[in-house]
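Colleague: From first to last, the protein sequence lines are chains A and B.
The opening residue of the first sequence carries number 334 in my numbering; numbering runs sequentially from there.
The opening residue of the second sequence carries number 14 in my numbering; numbering runs sequentially from there.
Because the hints were derived from the structure by calculation, they are not lab data.
Be aware that one or more of the hints could be misleading.
To be verified - With a cut-off of at most 30 Å between alpha-carbon atoms, the simulated DSS-like pairs for lysine-lysine come out as follows:
1) B/108 with A/689
2) B/127 with A/582
3) A/689 with B/118
4) B/19 with A/676
5) B/88 with A/748
6) A/341 with A/407
7) A/522 with A/477
8) B/19 with A/689
9) A/486 with A/522
10) A/472 with B/18
11) A/582 with B/141
12) B/19 with A/748
13) B/88 with A/469
14) A/361 with A/477
15) A/469 with B/118
16) A/337 with A/361
17) B/88 with B/18
18) A/700 with B/141
19) A/486 with A/377
20) A/748 with B/108
21) B/141 with A/341
22) A/522 with B/58
23) A/337 with B/118
24) A/472 with B/127
25) B/58 with B/127
26) A/469 with B/141
27) A/582 with B/19
Predicted, not measured: the structure shown is a model, and the values here were computed from it.
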Amino acid sequence: MFEKVLLKNMDHPESHTIGAYEAAGGYKALATVLKKYTPDEVIKQVKASNLRGRGGAGFPTGLKWSFVPKDSAKIPYLCCNADEGEPGTFKDRALMEKDPHMMIEGMIIAAYAIGAKIAYIYIRGEYELCINRVEKAIKDATEKEYLGADILKSGFALEVYVHRGAGAYICGEETALLESIEGRRAQPKLKPPFPAISGLYDCPTVINNVETFACLPHIFERGVDWFCSIGPEGSPGPKLFCLSGQINKPGLYEAPMGITMREMIEEYGGGACSGQVKAVIPGGVSAPMFPVSDLDIKLDFESLAAAGSMLGSAGVIVLDDSACVVNTITRITEFFNHESCGKCTPCREGLDWCAKILRRLESGDGKLEDLDQLEALCSTIFGNSFCALGVGASWALQAALKHFRAEFVQHIEEKGCPFH
Amino acid sequence: MELSKKLIEQIQLVAENYPNRRSAIMPALYLAQNRYDCLHGEVLKGIANVLEIPEIWVFELATFYTMYNTEPMGKYHIQLCTNIPCQLRKADILKRFLEDRLHIKTGETTLDGKFTLSTVECIGSCDKAPALMINQDYHEHLDENRVGEILDQLNE
Ligand SMILES: Cc1cc2nc3c(=O)[nH]c(=O)nc-3n(C[C@H](O)[C@H](O)[C@H](O)COP(=O)(O)O)c2cc1C
Ligand code: SF4
Numbered sequence: 334m335f336e337k338v339l340l341k342n343m344d345h346p347e348s349h350t351i352g353a354y355e356a357a358g359g360y361k362a363l364a365t366v367l368k369k370y371t372p373d374e375v376i377k378q379v380k381a382s383n384l385r386g387r388g389g390a391g392f393p394t395g396l397k398w399s400f401v402p403k404d405s406a407k408i409p410y411l412c413c414n415a416d417e418g419e420p421g422t423f424k425d426r427a428l429m430e431k432d433p434h435m436m437i438e439g440m441i442i443a444a445y446a447i448g449a450k451i452a453y454i455y456i457r458g459e460y461e462l463c464i465n466r467v468e469k470a471i472k473d474a475t476e477k478e479y480l481g482a483d484i485l486k487s488g489f490a491l492e493v494y495v496h497r498g499a500g501a502y503i504c505g506e507e508t509a510l511l512e513s514i515e516g517r518r519a520q521p522k523l524k525p526p527f528p529a530i531s532g533l534y535d536c537p538t539v540i541n542n543v544e545t546f547a548c549l550p551h552i553f554e555r556g557v558d559w560f561c562s563i564g565p566e567g568s569p570g571p572k573l574f575c576l577s578g579q580i581n582k583p584g585l586y587e588a589p590m591g592i593t594m595r596e597m598i599e600e601y602g603g604g605a606c607s608g609q610v611k612a613v614i615p616g617g618v619s620a621p622m623f624p625v626s627d628l629d630i631k632l633d634f635e636s637l638a639a640a641g642s643m644l645g646s647a648g649v650i651v652l653d654d655s656a657c658v659v660n661t662i663t664r665i666t667e668f669f670n671h672e673s674c675g676k677c678t679p680c681r682e683g684l685d686w687c688a689k690i691l692r693r694l695e696s697g698d699g700k701l702e703d704l705d706q707l708e709a710l711c712s713t714i715f716g717n718s719f720c721a722l723g724v725g726a727s728w729a730l731q732a733a734l735k736h737f738r739a740e741f742v743q744h745i746e747e748k749g750c751p752f753h
Numbered sequence: 014m015e016l017s018k019k020l021i022e023q024i025q026l027v028a029e030n031y032p033n034r035r036s037a038i039m040p041a042l043y044l045a046q047n048r049y050d051c052l053h054g055e056v057l058k059g060i061a062n063v064l065e066i067p068e069i070w071v072f073e074l075a076t077f078y079t080m081y082n083t084e085p086m087g088k089y090h091i092q093l094c095t096n097i098p099c100q101l102r103k104a105d106i107l108k109r110f111l112e113d114r115l116h117i118k119t120g121e122t123t124l125d126g127k128f129t130l131s132t133v134e135c136i137g138s139c140d141k142a143p144a145l146m147i148n149q150d151y152h153e154h155l156d157e158n159r160v161g162e163i164l165d166q167l168n169e
């Protein structure tokens, strides 16, 4: 079986403690980085590793860091996106509860590379155990001089603070996250300027996901070549997958990207509960769903993009043949409607309208024209939303309409849900 | 309203984590929420006074973010996840069960002020669905029996 990297310490009962982390070789990569490499060399190696962000968009991490201006009078900030709100996703929770130092070590390496002196970890408010464990980890790491005014006697200084979210999915969007730290309502901001140029408190800012940071120590401990040898060329490195829904063995699994949805569901998840898969959502509910005929599509950034969906947060949600797709997409649309920040009209009004039509269809009062209306609404929202929330919501709905039109028609003709 | 001395000190301490005081509003709201039963207007004004910022800045955050309670809540706030992974694992049955057992609808508080029932979006327990939170505590792998037991314990 594939060697675990990100989950390697998880079975240790004290894996969240600094003692266990050090005993497993933790913080050695940081020492190597500070001794051997200049910040530019760190960025170069992360670029060479082709590490791509694990938060949703898959943007190359080294490239993002390289956008931070070198000659700016303003000191850059580093932020960790631990808002994990994408339904079907629980990997960052596990990393912070069970192995917070792996993420923190990665953050220190990143801060060194971009020249940040202060970092914030934005953790969603519900994750109280994560918050407690990460705060304790920061304290312990500071005592051992992995954080603080003179890290491992290198002269490099970094302070890390936790900022606790308060129940708004949109805070996961990076510009909304920065607004939230600044003490404003979390509404996305226009890009450009991108945060790397002007972000938190108008200073250059890098934002990465928890899992992205957790990958970094391994790159410097075991080398770029080793990292690139895992998974396909365009999607290298260890990856966490969150398996949930109507599946026999839901759970958090580590696997190289490039395995197929079928392998993930059968070999890791023990198959669908009823024995028959109906649909799979590959990357959290923003990612367009696939019908069972597409199960051989590979779970990596490029393959999923080519197939009209995305790896997103790698939350793989399985629907078996007892599930109603109309009911599922209604609930998904209601979720996005509820979480819409209200800034722009297509998302705020359009999703509300979609949800109303979908509820009508699900309850058996729908008409065939409703399907055309939904298509029209989706294309308006898709092309005109200010941020990716509206885009993702309409994209997910379009896929359900495309792959499962017959099921919508069945609801209309039978004047009710055939699954209830 | 004058906030308690201890709370003022806590707010001033957390404000040091940020280069400006506006950033301290969210942590201050959490600190105040722990101290008072809910974040009513006088508490929000008190926070604005301590941080020396306009009141509206505090009010707009207290109402934008759902985890700040501007209305009194039951002693136990039951937050049932009804998002897709939990829904596929029959969270709707638990919703009806909770409403029947507590004799309230979702969004309401029992007459004795003991329980408030809410439905919430994904809480990150998808592999242990269906799941709910009571105040800050997670309860996972649930069915009607288990939820019944939890309610019995809280009722003792
Ligand atoms: C609506 C919305 C929600 C998002 N939620 C999250 C989230 O919970 N966690 C996360 O890391 N990224 C989330 N993202 C992506 C972030 O904007 C950003 O791309 C990411 O944090 C960058 O980190 P990475 O490059 O390491 O992936 C979200 C994006 C959008 C549009
Ligand atoms: S698309 Fe939705 S969430 Fe994004 S800015 Fe517009 S209203 Fe807000």
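Colleague: Run every hint past the structure and note whether it holds.
Modeller: Each hint tested on the structure:
1. B/108 with A/689: 21 Å, holds
2. B/127 with A/582: Measuring from Cα to Cα gives roughly 36 Å; hence the hint is violated.
3. A/689 with B/118: 21 Å, holds
4. B/19 with A/676: 38 Å, violated
5. B/88 with A/748: 43 Å, violated
6. A/341 with A/407: 38 Å, violated
7. A/522 with A/477: Not OK: residue 522 of chain A and residue 477 of chain A at ~38 Å, beyond 30 Å, violated.
8. B/19 with A/689: 48 Å, violated
9. A/486 with A/522: Measuring from Cα to Cα gives roughly 39 Å; hence the hint is violated.
10. A/472 with B/18: 26 Å, holds
11. A/582 with B/141: 10 Å, holds
12. B/19 with A/748: This hinted pair is violated, its Cα atoms lying about 61 Å apart.
13. B/88 with A/469: Holds - the C-alpha atoms of residue 469 of chain A and residue 88 of chain B are around 28 Å apart, at most 30 Å.
14. A/361 with A/477: 13 Å, holds
15. A/469 with B/118: 39 Å, violated
16. A/337 with A/361: Answer holds: residue 337 of chain A to residue 361 of chain A is near 18 Å, not above 30 Å.
17. B/88 with B/18: OK: residue 88 of chain B and residue 18 of chain B at ~25 Å, within 30 Å.
18. A/700 with B/141: 37 Å, violated
19. A/486 with A/377: Given pair residue 486 of chain A, residue 377 of chain A holds - Cα atoms ~24 Å apart, limit 30 Å.
20. A/748 with B/108: The given pair, whose Cα atoms are some 25 Å apart, holds under the 30 Å limit.
21. B/141 with A/341: Holds, at roughly 21 Å.
22. A/522 with B/58: It holds: about 28 Å lies between the C-alpha atoms, which stays within 30 Å.
23. A/337 with B/118: 46 Å, violated
24. A/472 with B/127: Violated, at about 37 Å.
25. B/58 with B/127: 28 Å, holds
26. A/469 with B/141: This hinted pair holds, its Cα atoms lying about 26 Å apart.
27. A/582 with B/19: 48 Å, violated
Of the numbered hints listed earlier, those contradicted by the structure are 2, 4, 5, 6, 7, 8, 9, 12, 15, 18, 23, 24, 27.
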